[in-house]
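Peer 1: The primary structure of each chain is shown beneath.
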Amino acid sequence: GAVVSQHPSWVICKSGTSVKIECRSLDFQATTMFWYRQFPKQSLMLMATSNEGSKATYEQGVEKDKFLINHASLTLSTLTVTSAHPEDSSFYICSAREDYTGELFFGEGSRLTVL
Amino acid sequence: QQQVKQSPQSLIVQKGGISIINCAYENTAFDYFPWYQQFPGKGPALLIAIRPDVSEKKEGRFTISFNKSAKQFSLHIMDSQPGDSATYFCAAERWGAQKLVFGQGTRLTINP
Chain R
28 GAVVSQHPSW VICKSGTSVK IECRSLDFQA TTMFWYRQFP KQSLMLMATS NEGSKATYEQ
88 GVEKDKFLIN HASLTLSTLT VTSAHPEDSS FYICSAREDY TGELFFGEGS RLTVL
Chain W
88 QQQVKQSPQS LIVQKGGISI INCAYENTAF DYFPWYQQFP GKGPALLIAI RPDVSEKKEG
148 RFTISFNKSA KQFSLHIMDS QPGDSATYFC AAERWGAQKL VFGQGTRLTI NP
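Chains as they are written, first to last, in this note's numbering: chain R, 28 to 142; chain W, 88 to 199.
Treat the hints as calculated values from the structure; they're not laboratory data.
Computed cross-link-like contacts, DSS-like style, restricted to lysine-lysine with a CA-CA straight-line distance of at most 30 angstroms:
| id | chain 1 | residue 1 | chain 2 | residue 2 |
| --- | --- | --- | --- | --- |
| 1 | R | K41 | W | K129 |
| 2 | W | K145 | R | K68 |
| 3 | R | K47 | W | K129 |
| 4 | W | K145 | W | K92 |
| 5 | R | K68 | W | K129 |
| 6 | W | K92 | R | K91 |
| 7 | W | K92 | W | K144 |
| 8 | W | K186 | R | K82 |
| 9 | W | K158 | W | K92 |
| 10 | R | K68 | W | K92 |
| 11 | W | K186 | W | K144 |
| 12 | R | K93 | R | K41 |
| 13 | W | K145 | W | K155 |
| 14 | R | K47 | W | K186 |
| 15 | R | K91 | W | K186 |
| 16 | W | K129 | R | K93 |
| 17 | W | K186 | R | K68 |
| 18 | R | K93 | W | K186 |
| 19 | R | K47 | R | K82 |
| 20 | W | K186 | W | K145 |
| 21 | R | K68 | W | K158 |
| 22 | W | K144 | R | K68 |
| 23 | W | K145 | W | K102 |
| 24 | W | K102 | R | K68 |
| 25 | R | K41 | R | K82 |
| 26 | R | K91 | W | K129 |
| 27 | W | K129 | R | K82 |
Partial selection, computed: residues in chain W whose CB lies under 7 angstroms from chain R:
| id | residue |
| --- | --- |
| 28 | K129 |
| 29 | G130 |
| 30 | P131 |
| 31 | F189 |
| 32 | Q191 |
| 33 | G192 |
A virtual CB, placed ideally from N, CA and C, is assigned to each residue, including glycine.
Given the sequences, and given the hints that come with them, work out the whole structure.
Peer 2: What follows is the structure in structure tokens.
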């Protein structure tokens, strides 16, 4: 089946630094990718929709200057958490919608811990 | 209107038993209903999905039952195994609308 690779799978950083998370569709093209945040024992919360070649669409309450999204190619979207603080610690998950079938595939997630 | 309500929040089933998780939706424009399985520290994985033109879909031990008039759908896991212990999420979307709406999740534990 289609594979979505997320990197890094876990990262620890100091407060005030920026962290970049990559999401790659390995064997298919994805014009649209999604970024989610998941807190322990909770459901996935959609943060933003990433469209190749255009600006991301952010959900209400999500700071676009805090969570920078870039979708520069049909197989890669990146999420940068800028000036990270401990409250940004969370599990971040991306998904990619295959252009040909429309099916959605999820990455393995990235655990961010901000000290 | 955009919500998908999932129940129960947690479920404990004996090995070999049937696990049943239910979801209800409001938006009649939804036309794609997937179920995802998530293990701790991992991303969700598509388990099985259904469209409203059929009332039931079966893949191995997993079955989705769909009731369009009641706006409900459920996941049945037959012969539940300890390896099925995970969190299950139902979801719904209007195909092509670019936004999947998730249920709250059900933590399933299968006792050996």
